[in-house]
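**Q** Chains as they are written, first to last, in our numbering: chain V, 1 to 74; chain U, 1 to 242.
Since the hints were derived computationally from the structure, they do not count as laboratory data.
Think of the CB as a built atom: it goes at the ideal place given N, C-alpha and C, for glycine as much as any other residue.
One or more of the hints may lead you astray.
What the hints assert, rightly or not - Derived DEER-like restraints, expressed as beta-carbon distance ranges: (1) U/G149 - V/R38: 24 to 30 Å; (2) V/I19 - U/P19: 27 to 33 Å; (3) V/G47 - U/D16: 48 to 54 Å; (4) U/F208 - V/G47: 40 to 46 Å; (5) U/V161 - V/S49: 31 to 37 Å; (6) U/P19 - V/A5: 40 to 46 Å; (7) V/I46 - U/G202: 27 to 33 Å; (8) U/N10 - V/I46: 17 to 23 Å; (9) U/V14 - V/R38: 53 to 59 Å; (10) U/V35 - V/G22: 48 to 54 Å; (11) V/I23 - U/V14: 26 to 32 Å; (12) V/D45 - U/L142: 28 to 34 Å; (13) V/S49 - U/S26: 16 to 22 Å; (14) U/V196 - V/A5: 26 to 32 Å.
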Amino acid sequence: MEIDAARMVGAGLAAIGMIGAGIGVGNVWASYITAIGRNPAAKDDIGASIWIGFAVTEAIALFALIVGLIVLFG
Amino acid sequence: MAASPMEQFNVYTVMDLPPVFGLDLSVTNATVFMVLNLVLLVGVFALTTSRVRLIPDRRQVIAETIYEMIAGMVRTNAGKKGMPYFPFVFSLFVFLLISNVTGMIPGWFTVTSHIAVTFALAAFIFIGVTIIGFVQHGLGYLRMFMPHGAPWWTGFILIPVEIVSYLSRPISLSVRLFANMTVGHVLLKVIAGFAVVMGVLGIFPVAFLLALTVLELFVAVLQAYIFAILTCIYLHDALSLH
Numbered sequence: 001m002e003i004d005a006a007r008m009v010g011a012g013l014a015a016i017g018m019i020g021a022g023i024g025v026g027n028v029w030a031s032y033i034t035a036i037g038r039n040p041a042a043k044d045d046i047g048a049s050i051w052i053g054f055a056v057t058e059a060i061a062l063f064a065l066i067v068g069l070i071v072l073f074g
Numbered sequence: 001m002a003a004s005p006m007e008q009f010n011v012y013t014v015m016d017l018p019p020v021f022g023l024d025l026s027v028t029n030a031t032v033f034m035v036l037n038l039v040l041l042v043g044v045f046a047l048t049t050s051r052v053r054l055i056p057d058r059r060q061v062i063a064e065t066i067y068e069m070i071a072g073m074v075r076t077n078a079g080k081k082g083m084p085y086f087p088f089v090f091s092l093f094v095f096l097l098i099s100n101v102t103g104m105i106p107g108w109f110t111v112t113s114h115i116a117v118t119f120a121l122a123a124f125i126f127i128g129v130t131i132i133g134f135v136q137h138g139l140g141y142l143r144m145f146m147p148h149g150a151p152w153w154t155g156f157i158l159i160p161v162e163i164v165s166y167l168s169r170p171i172s173l174s175v176r177l178f179a180n181m182t183v184g185h186v187l188l189k190v191i192a193g194f195a196v197v198m199g200v201l202g203i204f205p206v207a208f209l210l211a212l213t214v215l216e217l218f219v220a221v222l223q224a225y226i227f228a229i230l231t232c233i234y235l236h237d238a239l240s241l242h
């Protein structure tokens, strides 16, 4: 029974990792909007690479999620 | 009534086949749906490019748009030297696109929601790119682990970090796709569960579900695109040593 409880607490703790990814993804898009605001002509050039930055940052949140899922169901 | 949200990912055997060299090669529902995806994919491209003309008709434009988009992506991200690998990136993209998008059809098995599938793809890309790097540069490819222009003594920290980051590429590439697909489908199932228990008020979860489905379709296309674009970037690293 205590193991079940600890498992739930552990999954909740794993979700803390999402904080960093949330800040990171917010930062990525904020910089993107700032960059376009300063130089609208560069929109197409930045547009392709923004997705890479977004994907790499978002992966951190997904790693936290996988840890959570492994703790819960694994 | 309300089944577990994980139930939709169950793999079960459809047709038993005798093991070959100790490997279980039975046909599962995952196999069946992957073959269906491929048939669909070949069908779409056979239909859209059956009568190729200089001035494209409406069907041909569909195929040309995807072709142009991926060709542009390979050219800008992998460079001119990366163009020989364009057919591979194109097949990879359209396969992931059709697998992700058909996964949104209710009852259709999402092939890419299994890490076995995505990790197999990512591992082959990783091994292939490493081989290309060593063929192109010989042992000079190892310079990749020491960023250009950094003082030599920072190598004690930088080289281990770069090696770890290089080795984690196939993991992050496969986990990103698999986790996005799995989470999307679990979320849809959980919200649908709310709609069942809430009675008349269940109209609100259903409306939310509708918006979420649109988002998931966007994510399906985006993840296929990101997988392909990261493949191009890894190729670029191997071809011209960033």
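**Q** Run every hint past the structure and note whether it holds.
**A** Verification of the hints:
no.	hint	result
1	U/G149 - V/R38: 24 to 30 Å	27 Å, holds
2	V/I19 - U/P19: 27 to 33 Å	47 Å, violated
3	V/G47 - U/D16: 48 to 54 Å	50 Å, holds
4	U/F208 - V/G47: 40 to 46 Å	29 Å, violated
5	U/V161 - V/S49: 31 to 37 Å	22 Å, violated
6	U/P19 - V/A5: 40 to 46 Å	42 Å, holds
7	V/I46 - U/G202: 27 to 33 Å	43 Å, violated
8	U/N10 - V/I46: 17 to 23 Å	42 Å, violated
9	U/V14 - V/R38: 53 to 59 Å	57 Å, holds
10	U/V35 - V/G22: 48 to 54 Å	39 Å, violated
11	V/I23 - U/V14: 26 to 32 Å	46 Å, violated
12	V/D45 - U/L142: 28 to 34 Å	32 Å, holds
13	V/S49 - U/S26: 16 to 22 Å	44 Å, violated
14	U/V196 - V/A5: 26 to 32 Å	28 Å, holds
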